[in-house]
Every structure is written in structure tokens, then in C-alpha cells.
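Taken in order, these protein sequences are the chains called A and B.
For our numbering, add 736 to where a residue sits in the first sequence, where the first one is 1.
For our numbering, add 20 to where a residue sits in the second sequence, where the first one is 1.
The hints are simulated quantities; they were obtained by calculation from the structure and are not laboratory data.
None of the values given here were measured: they were computed from a predicted structure.
Hints may be right or wrong, so weigh each one.
What the hints assert, rightly or not - 25 angstroms max Cα-Cα, derived BS3-like pairs, lysine-lysine:
1) Lys242/B with Lys934/A
2) Lys78/B with Lys739/A
3) Lys965/A with Lys78/B
4) Lys739/A with Lys982/A
5) Lys769/A with Lys932/A
6) Lys739/A with Lys757/A
7) Lys882/A with Lys739/A
8) Lys757/A with Lys293/B
9) Lys982/A with Lys146/B
10) Lys242/B with Lys980/A
11) Lys303/B with Lys965/A
12) Lys303/B with Lys219/B
13) Lys769/A with Lys980/A
14) Lys242/B with Lys982/A
15) Lys242/B with Lys146/B
16) Lys146/B with Lys293/B
17) Lys980/A with Lys219/B
18) Lys242/B with Lys219/B
19) Lys146/B with Lys757/A
20) Lys757/A with Lys965/A
21) Lys293/B with Lys980/A
22) Lys739/A with Lys965/A
23) Lys933/A with Lys787/A
24) Lys980/A with Lys303/B
To be verified - Short, incomplete list of chain A residues facing chain B, as computed with Cβ under 8 angstroms:
25) Lys787
26) Leu832
27) Asn861
Cβ atoms here follow ideal geometry from the backbone N, Cα and C, with glycine treated the same way.
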Amino acid sequence: MDKILVGLKRAVDYNVRVRVKSDGSGVETDGVKMSINPFDEIALEEALRIKERGEAGEVIVMSIGPSEAQQQLRTGLAMGADRAILVQTDETIDPLSRARVFNEVVNRESPAIVLLGKQAIDDDNSQTGQMLAAIWGRPQATFASKIELNGNVALVTREVDAGLETIEVDLPAVITTDLRLNEPRYVKLPDIMKAKKKPLDEMALADLGIDACPTITETRFEPPEARQKGVMVDDVPGLIAVLKDKGLV
Amino acid sequence: MTRILIIAEHDGATLNPSTAKCVSCASAISDTEIDVAVLASSAAAVAAQASELEGVAKVLAVESDSNDHALAAVLAPQIAALADGYGYVFGPSTTFGKDLVPRVAALLGVNQISDVMSVEGPHTFKRPVYAGNAIVTVEAPADHPVVATVRIASYQAAGGGNSAAIENTTVVADIPTHTRFVELQSGASDRPDLQTAAKVISGGRALASSDNFELIYALADKLGAGVGASRAAVDAGYVPNEMQVGQTGKIIAPDLYIAIGISGAIQHLTGIKDAGTIVAINKDAEAPIFEVADIGLVADLFTAIPELTDTL
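Whole structure, please, built from the sequences with the hints as guidance.
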């Protein structure tokens, strides 16, 4: 039966209010809660549902990052993934390199679908899935809000600016997930215990022989410009008066 | 002279205003020549609109039946071929550009700069990360083409009045058949487009139903405004997805933004931080939306909105 490969990125939890370090070298991550990137969690949930419908045989979760990303992979295994792969690196890794790493794992595992989040909520890049599809020479269906499989074809509804677009892609393909695709399940305690026994393969990024690519250097971080404190009005006439005063209505 | 290629966004008949905003961003890079590529099944109308944009040197029209719909897998190899000789390839950071441009970047063997909000130098740009909680200055390698998406809320549209040359051209590229368009469901509306409207009214979860959104529509129509929504309102099914404003929805910069019954999660605020004036109407005086609002009104929307609509 077909495999589904799911990417799980270890990212700052979405509830954390991120602060820029005072020296501008990055954002504060010490002691900050880390989680699975929410879009990736949706990708995993979808993969599990596809498997539970009998349309896939195995769900593999994969992460590229530090050893601590094992935590996110274990969470993925507890949700129901069958096994995990950690491509270990302590370096910051750019989207094109990530895509090349995924492509290398794709070559080894030959999945029918690679399911990724549409973007990571840390760098907000939204690149890896599209880049993997390009390198792999396969279809991409980004921002998916509905996925139907029919043999070797996937019918994917995408959230686009104009509304909902449906496209048909031949498998294998890369699909990236949007928010409304599903609501991920909660992990139950017995599943956490079971997940400890599931296989988690760790390999060093350096051992994969991925070509280095031209990287974009992040030179300085700064907080966004704060908006000036506004005024409170007491009632609707007060609001209209201020809006008229500003020439907005 | 470095050449910049901008990928036009369009629906087959009309050029999307996002393209004019990309032209503005490109114009901020000195000593460059800006070309716009229009890939379509029938390109003449869109190419003519692109040729009017101030700052454009040339419009490249690439006509092919396979370009009838904007499928990234189909367009990317053509753009990668067109990009030969260009120092920059830009597209808008709309769902069109976000889908397509990274695929082009990968074919060109480079990383992409997502959501350029300002040009600091020929290879230096600023972009938001962490839902806009941090702004990072990035430097692209000088010896490779710069491939970027432009955060359209950060730019005014380039003006008109130009008459750039239109060149019909063909490209040699492998066009895949593995990706096929099926349909587009669009909640067609006569209201101004959310991403270009000067005024936008958004409703949140507090509206409590699809029917109650009529209050928002009535006010919007009175003001000639576009209508948006918070993620919560979209998730609850009150309005369709294309109305979502925020980190993962639309990033907008209207002159006037009125948030009604929206608490103001950081993911929503990142979508409106460039608005000229933000008005918040919410029952909860502690709602975070009031921290960014220029004008705040603590009130029950079900009485305040009809009063506002009737009085204006």
C-alpha cells in the first residue's frame, strides 16, 4: 500500500508572543514553548485520515532540525504515524535545502503523497512544498482545504484569493495544507506510551550529501513599528464625529 | 543595467492590481529595467493593461492553451525559461504568487525572498516573520538571480499612462500534463475587492451567524467598503474563506479598517497593521484589538452597527 510522507517542523508555539532579541540577532527562543508547526499537524491529521480510510498503508513523519525535534516526531507518532525520520542538523536551514532533503528522502521512500503545511509560522516563508514539487518534477496542490483520492489521482480544493479552486493532480504529488482541511486529533496518554516503541530513525544532514545552495542571509531582526495609542469614544455619534474629523466618512 | 521580470497576475481578462504593486517594489531598485510577463491563453487584453504601468519597459506576452489557468506546475518552467538574463524575478505575495514563485525559484536553483516589504539595497530587503512580530533584513547573494514575492500591502500601485512595447514571444519549456484545472468557486460580489479597497469592514465570531453578517454588509454598502472577516468567523462558516484577513489569509492596507466583534488575535492583527486608521467596535473592553485601534468603541455590535449604518 502507498506511503504518505508528512513533514513536521519544530516551531515556536503559536500562542507565544515572540520578542526580538535586544542585539537584533534573532528572536528570543530560550525557554519558549516549541510545538509542531500547526499547518504540519493538519497535514499529519489528513494523512492519518487517509490511512484510516484504507487509502494508504503507512504514514511516515519527518523533521529536519535539531535533536530536540524528536519531541515533535514523538508527538506525531503518538497521533498515529507509523514511523519517524529525523534529519539532524543544528544549523538554520533554508527552504531550498529543506526541499532537497525531502527529495532525497522521497527518492528512498517513494511515497504517493508528500503532505506538508502550507507555511511554517516562524519564518512564514511558504516555499518548501512548492520547491520539493519542482525538484521532484511532480504536481503541487498548495493551500488544500479538501483532498479526495481516486486511485492515482487526487482532487484537491485549494483556498485561493478568489475563492475555492479545485485541481486534479496525478500521484505522486506534493500537497500543502490550509487551516480548514481538518481539525487535528488530541493525543491520548496510552498513545504516547505506544509511540515510544515506534521506530525513529535519525540521520545526520551532512550524511545525505545534499548540495549546498545559495542562501539568503538574515542580517538583522527588529520589532515592527508600534502603532500610536488611539482614542476611545463613548458612543456611535462620538465615533462618527472622529471619523468625519479625519475625513474618512 | 539589471533587468527585472515581473510575473503578471490576472484572470484572463483583467490584470490584478497586485502586478502594479510589484512594479512599484521593483522601481525601488535603482538602475533597472522592468519587464512584465503575461502568460495566458489569450494575452492581448492583459498585456495592454500591463503596458500602461509606469516604469514598465516591455511586456512579454506568452500565449498558449495550456496557460488558460494559472497552474504553478505549468507556468513555472515557462517563467524559468523566460528568466534567463534577468537579475530579478518578482511576483505578488498573493495565493497566485505564493503558489508559483517558489516553484520558479527552485527551478532556478535559488531560495526565494518571501513578502518583500521594503527594498534596502540591490540585494537587501526587509520582510516580516513570526506573523509580523519581527522584521528581518535579508541579503540575497549578489551572484544569483533574486527571486522574490512582494508583500502587496506594503506598496502603492504604480501609476498608469505608459505605453510600453508588447512583445509576443514563445518559450521552450517542458509543459507537464500531470496537473489539471477543474473549477473555481467564487462568491462573486459587487463590493470592492478586499485587497484593494480603500475601506474595509470586517466581522468576527461575535456576529454569531451568517445571517447577522448582513449587518456588516449593510454598513459596508453604505460606506462603499469591502468586507472581510476574522479566521474565527470563517471557521464557523459565517462567510467564505476568501474573506479571511490575517497571517494566513489576506494582508490588507486600506485607508480605513473597521473591526467589528473581532477580539484581535495576533494572527489577525498582522493582516491589518498597515491600515491607515483602525476602528474597533467590541463589547469586551479588554479585547486586544483595542491595543492597535486608532479609534475604539466598547459597545454591543447589534445596537451599534445599525445605529452607525442609519446615521452615516
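For this session: Any hints from earlier that this structure breaks? Give me their numbers in increasing order, please.
Result: 1, 2, 3, 4, 6, 9, 13, 15, 22 and 25
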